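Using the hints, put the two standalone chains together into the complex.
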Amino acid sequence: MLVPIEWLEEYVQTGMEPGELAERLALTGTEVDRVHDAATVGDEKLVVGHVTACEKHPDADRLRVCTVDVGADEPSTIVCGAPNVAAGQTVAVALPGSRLPDGTKIKKSKLRGVASAGMILSERELGLSEEHDGIMVLDEGPEPGSPLSAALPAPGAVLELEITPNRPDCLGIYGVAREVHAATGAPLAAPPWAGDPGESSVGQAPAGIEVTVEDSALCPRFTARVFEEVKVGPSPAWLADRMRAAGQRPINNIVDITNYVMLLCGHPLHAFDLDRVAGGRLVVRAARDGEKLVTLDGEERELVAQDCVIADDEGVTSLAGVMGGERSEVSEQTTRVLLEVAVWEPAMINRTAQRLALRSEASARFEKGLSPEGALEALATASALVCELAGASLLPGTLDVGGPGEPGPTIGLREERLAGLLGSPVTINRAAEILESLGFGVELSGGELTATVPHFRRRDVTREADLIEEVARVEGFGDLPATLPPNRSGRAGGLTPAQALVRRAEDLLAGRGLSEVVGWSFGDPQALAAFTDGDLIRIENPMSEAQSAMRPTVLPSLLDLAALNASRGAGRIALFESGTAYAPAPAGAPLPASERHELAALLAGPVRPPTWLDTEPQPAGIFTASALVGDLMAALGVAWEPREGGPSFLQPGRAATVATAEGDMGWFGEVHPAVCARWGLEAPVAALAIDLGELAATAPGPARFEPFASVPPVREDLAVILPATVGAGELVACIRGAGGELVSEVEIFDVYSGDQVGEGKVSLAVHVEFRDPKRTLTDEDVAPLRERIVAAIGGELGGELRG
Amino acid sequence: MIERVGQIRGEAAAAISGASTTAELDDVRIRFLGRRAELPQLLRSVAELPAEERGEAGRAANEARQELEAMIEARGAELELAELEAGLEGGRVDVTLPGSPAEPVGSLHLLTQTRREIEDVFCGLGYTVYAGPEIETVHYNFDALNHDRSHPARARTDTFYVEGGGEGPDERLLRTHTSPMQVRVMEEHPPPVALLIPGRVYRRDSDATHTPQFHQVEGLVVDEDVTLADLKGTLLAFARAIFGDGREIRLRPHFFPFTEPSVEVDVSCFMCSAGALEDGSRCPLCKGTGWLEVLGSGMVDPNVFGWVREGGYDPERHQGFAFGLGIERIAMLRHGIPDLRIFYDNDLRFLRQFA
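Sequences listed follow chains A and B, in order. Using my numbering, the first residue of the first sequence is number 1, and each one after it goes up by one. Using my numbering, the first residue of the second sequence is number 1001, and each one after it goes up by one.
Treat the hints as calculated values from the structure; they're not laboratory data. Only a predicted model underlies this, so the values are computations on that prediction, with no experimental measurement involved. Be aware that a few hints might be false.
Simulated restraints, written as ranges between beta carbons of each label pair [said to hold, decoys possible]:
| # | chain 1 | residue 1 | chain 2 | residue 2 | range |
| --- | --- | --- | --- | --- | --- |
| 1 | B | E1278 | A | G511 | 34 to 42 angstroms |
| 2 | B | E1069 | A | R788 | 53 to 61 angstroms |
| 3 | A | P234 | B | S1206 | 38 to 46 angstroms |
| 4 | A | D631 | B | R1352 | 18 to 26 angstroms |
| 5 | B | H1335 | A | E20 | 31 to 39 angstroms |
DSS-like mimics (lysine-lysine), calculated; alpha carbons at most 30 angstroms apart, straight line [as the list claims (entries may be wrong)]:
| # | chain 1 | residue 1 | chain 2 | residue 2 |
| --- | --- | --- | --- | --- |
| 6 | A | K56 | A | K107 |
| 7 | A | K45 | B | K1287 |
| 8 | B | K1287 | A | K107 |
Think of the CB as a built atom: it goes at the ideal place given N, C-alpha and C, for glycine as much as any other residue.
Chain B on its own, in the form it takes in the complex (with noise of 0.2 angstroms):
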């Protein structure tokens, strides 16, 4: 009998890995495993042998059987991943066609990234960020910050004025600069302060470098020894974030009725070195100075403390520098976009190249 065993092991091996489908699997071990099959009866009739062989012959059955069971199980593992992998050869795709749904990437408008980037350089640096009224008055727009009565700005050639606005210092404009908001903040909150005021502004002119709407950023610090230093290191620090690391700055002396000394700051370009290109030519950003106008700054007059005594603020004993740039000049000069009203078209093609 035992060798009987070894007869339908072997046989049934063979079958097994004979076997190339998951169904010709199912009738091998039916044949060989199966209720009717012989080896089964063989187990079954161990019972009738005689008492000295019973033992050997079961267990020489008994492993014949686990073994083949195992085979069976392992051998239609491998036939099921077989017959798997067979079927999805058919669901093939071409893996090249366009993603579907198409869902598109919206976009910022660039202002609005470079203002929150700008946004973000000072809040860094300890500044909280205001925003004020674009419609103002004489008030807040010339007269407290130390505009002459016959300064030019004031003209209705270069500022709009709202109709039926009032007369005198309550008359009503659009904002032809964020600074009027350096008076209303100090009015509200004493000092030491340190701010930052993003908004929209109006100035009548219209040409490929001047739309009649436009952005500015302000800033204003005042504490008691705030220095023009101060103002150097903290412009330094705004133009390396934005400009990269290893910009400079100058200052060039102005004139800014509200600040007292005032400056020009000039960044140094980062297309070119000294103005030149790699091959030589003369840089077109800088246009061969080597330097780029980023915005105006100064040291608040103390005039302009004087407009708000009230508020704590003492033109003897308080000091402070405040700063003005334009949202627009910054994204064109760092994205090298050649004309200001492209900002203001809103094409999808301009806006779609920023997302």
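Just chain A, with the same shape it has in the complex (with noise of 0.2 angstroms):
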């Protein structure tokens, strides 16, 4: 919302600076965007020009060399490519060595090979406007050469405000006055609407004309007047300058009338030229599937039977509270205007606005909720200027379907409730005085303040909280103490010792020279399906197909960002997130999916970056995975063993499940090659994941003390030849089954497979120690347990001691 000063001051004078103005708003509720200060026009190499000729440029058809009388001895040769730039304009120019209010700075220039000693302005270069279609054209009297901002209609600073929903009253130059009026105290001057050429005959319907209402629902309210001898024209200056400075461009007196009314009032107004009304008759009705109507900028329109049209004998005419038709558009030849004035369906007009993406001043304004009394106010604000400024003749009567709403509830406002919230006592005599100045009646009785909403807060303000919320910003927030809450819960905070041992994973692998990385939680669904079995969650709006499925586990995240490192030339890559996974939930489950906080790690290359003395790191694998993982669970406390098989976007034989008695945790291994290719990354790539939401909810409590023994152990080691079928780790649980308890440790040292153990058989060599907590074991203790572990490897598995 651009509000100009001069406007302004017309209802409110503060005799404060357009800055101070805007801390004040902002300060108390009203967010101002940008101070646009014309006064940084004084540059005085911003001069007025007179263009003395205009001819098109030699080797460019949409520029021109102009002539420019700029007030010095010799003209000035300047090219401009506005389309109506022509010779015996008075405009604006930047001579060499200026700077344009937003700071830019004019230089001498060649534009295809012609030289332009400066540039002539447009609205927008000045900041006066958005106008920018050409430039600006300058009323004629003030002479070459002298400073711009002499010649410049109306200079003065605007205010861009940023209305929030709540308040669609500060769309009006009127209701932002009355916000200022509450802010600074400035006295309020009688609103626009005071004085209606047409109040005597409300009441009564104008003749030559019909409205029907079919659905009062999506229209609570439709007035309208009919005004005769109507003088279609340009508007006059003043008028033509607020609606520049308001940002509008001037078309011509009714439909700037129709414009500034709604600027000044807040409630957007419709002018039909009543000639083209067919039959002189109007019906509000739900539209048609498949209707048709041309709006006001020249665009078909197909409708829906959501939207609400305005239509005529001849079909649909007006695309209610959005835009209005072309076919009873006002035109250079209108003599009779029907102004109408309605309020309409919010919801409907959101819709309506949105589908077709035509989000207009009126639409902006009928989605956020206008009252009815608003209707009547704008509509007698526009008679006024219709009489005045085309010397119209206004018709008796007022149209007026539905009428005013209901009566603005009246609320009660307690003092204690006030400071009780506010933690600072404001009194009931103070509050009264910032109602009343924000349009509330206000009644004081003993003490209890009653007040009644106006007609333009219907919707906002309907609760005592409201009334607090109305007089706490207007009083401000900079006097109240700061002071902190009482802790009443009897718990003291911090985190849970889930969320210790997330942390604690997370700092694990940072330790061990991973980054962590904050991926995309959705991406391709075509590459995320093959890392589930299941559905994805898909987006119904998504921004691209690319971002159109949630992830169903973080591992792609990974994939992206490995590859995006790696295109970037990393050699290295070790990354890791910490986030969400997400599934459809199961049927009858409480959340409305399945998501599963995970911990995902990918390495690629080296293990370490290469030095000179370790010149070739081994590259990373599974087994890089897997003591990452064995890592991870001892941190978290849990205890854990790799079981052979996981997902298929691991490559098979590399591939390995997280087993837990809690059940399957995560997996580890190698990405298949196929993924990786996919994703343009060189085999091998290590990966992991495991639940750690889940791990870190179950994991055992404060780890308990285990005494640990100070007898010595006794260690024998073993070299066994198994069949290659056999598992490491059905080797260390076989050994661990039949040595019992005072097995203490194993721990295979040496892996060997080739042609001195045969083919299908591997070599695994293991360290066995055996410990008795309460005595020191002898050769001759461990000798039958060696014995028993022995026959078991030959028995179980089908090994044999190596020679």
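Structural data, given as structure tokens:
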């Protein structure tokens, strides 16, 4: 919302600088995006020019070469691309060395080979408005070379406000003036609708027009007046200037009046050429599917039954509350005008504007919910202007279907509630003063405040809490004390043990030299499908197909980022993410989806950067992943073992599952070469994932001390030849099983397969450590255990001691 | 004999100090103290002396032997150390060569670091941390947070909806803020509560200042007498913990559907003084305003409590505050990150900068 200060000051004069006023507004609830300060057109090299000649550029169709008198001895040659430049115009010129209000510096330049000594300016370049379709043409009169600041119409600052959706009343200058009045205490002038020329005829219908509203839910109020002897022509300068300052382009007096009154009162209006309303009858109704309308912007729109239209005998003539139709548009030939001001159902307006991608000034206001009373205020304001500026006569009568809304509610405000919520006392008298300044009706009796909500705040203020907000924001928060709330929960704050474990696991991977990444939760469903046997959660309205399904595991995010970093030259890649993986919720589940907190890691290239001493570190592979899983599970305090076989996106034979007593908690291995290829990564790529959320939640509590024996162990080394199908894990389990409780440690320290052990065989070397916490074992104690172990290896695994 | 012992002692002492290697010293030891050397032989011949001479001569010879042994040991230690030092010279290396093996320092993502810091500040203030579902329902994301039926955030241009996600209040969507957890936690936990809810959220937007996913931290404190002044004090403590002790905050009224009154909170800029750098130029961080907008907050709207009456919340009796802040925004302000997309690019060169 652009608010020209000059216009605002017609209703409230604060005597404040624009910046000061902006800050006051910001601190009382009206956000100010920017202060456009037109006073910066003070650069003395921004001057008035007179175009004495204007010729086509020899080498560019769109450019003109202008000869411009800028008050110097010699005229300047300036190249200009605006379509509207012509000889005889008085224009705004930026001479070389000048600076535009936005900071752009103007220099001598060459455009397609023709030297240009400066620039002829548009309104936007001068910071006056958004107008940039052509150059700004000034009124004749000022001398060429005179400073531009003196020649510009009504220079003044413009506030650009961001109005929150609950305050459509501030989408009008008068509403903003009321806010300024409340925020600063400066007196507020009478509203623009005071002095309605049609006041006496409210209650009777005008002749020559019939209106039927078929669905009053879609259109709670429809008001209109008829004007005759209308002379359509340009608007007077003051009005055109205000329009431009507020970011609108002047068109003709009738259209400008409707826009002007909308900007002033916050309620959109629409003018019909009454002679182009077929049959002199209007019907407000739901649109029919497939019905078509050419709107004012020249576009043909296809409508659906959820839209609301105004139709005449020839069909749809206006898209209610969004945009008028071309057929009944006011033109130079118009003499009879039907001025309509209605109220439309917000959700309907919102739907239609969205579906047609047609967010107009009107729809932006109607979709926030306007009051029925406001319609008549806008109609009164516009009536006076149409009579005054277009020489029209107002036919007696005001058409009114629907009438005013319910009277605003009255709400009580308790002083102790006010102070109790703010934590700082505000007197009830001060509250009354603030509410009155905002347009509320206030009654005070014996410390009890009762407020009547004005029609323009009816949707927003319905409860005591809303009144408290109004008082609090105008009173401001600067003097509010800063206190801390009491803690009566009986709990100390802090992380839960599970949350602390999550951090421990993340820290562990970072400590192992992996970099944490934050990937996208969504990806390309085609790529993601390979990572789940189940369905993907898909997004109905994604930003793109490539971000249209939720990842079923974190791994694809890691692959994306590994590929990206590899393409940027990273040789060693070690990444992890601690994030969510998504799947559809099983039937009857309490939550909308099944979300797992996964900790996943990916390693490619050497496990460490090579150095001059360590020139060929081993490449990351399944055992790198396995070691990390082991470290993580140790940190989490969960016993686990690897089980052969894992998800299908891992390479068969190099894939394992993380098995625990509570069930499978993840996987590790090497990513399937076909998957690597899809991401342009060179195999091997090691990866792992654990269900961190689940593991942290079920992890055992604080670890208990276990006494460790001071007696020395007996160590035995065994070299065993096994069929290659037997896993090292099975050997370890077999030794522990056969050796019993005295076996304290089993560790594989060498693996060999080859000629010396024969085909289909593998040789494993194992340290076995025996220990009895109560006494020192002797070789004689251990000998029978060793025999039992060797027998079990033979019997259970088909293995034998190596020669 | 005593005279001879004295002579030997003198010769030996000179030989010991004259030995320049441990091998030479060994030769000296054999020469003077070896089995066939003169001094031991003199010692052995003491028995053959007349009785009255034995005592003195034996003592003198013995003393001389012990003295020489000590001298040899001392000289030996000296020579050994010198020989070791001399040997070490050959082991000299270039200490400026890089260390090896290169075990790289990994890193937590800057967003994780920032989130943890925020969590720790509020844990210190007595809060409990909760996580909630990212795939939510219309009920929790909008309805129970008092969003108007026509609130623009509900539009399909603004919010991601799940395909085949149902209809009405149960329709599924990607949460647009962490606020739905306010309602979920209050359903389960009666007042008083003080909670912090960090998490990933989604909005349909993508440019230098918006990414379709980002991270928020939600705070909620409810009791019977929690005030707006308490909110101000809490956020002041937060601002000082994160941005430095000297910070001030200011509250600007705003509008959020689920708080009433609602305020936006600015922190005084930590790069400048009232908008100007030391050299007088305009501060690029706060753009000369002296203030940085950091979060939105307000007093919980009574309508929100209306949805959790069964959890023990009475809109007439209970009151409290809620706040929501963007982790990316805090990290960008603190570390001078120019573009939001850098966080999601995850270039290793970025990640390692914040190790």
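Original post:
Taking each numbered hint in turn, which are not upheld by the structure, reported in ascending numerical order?
Top reply: Result: no hint breaks.
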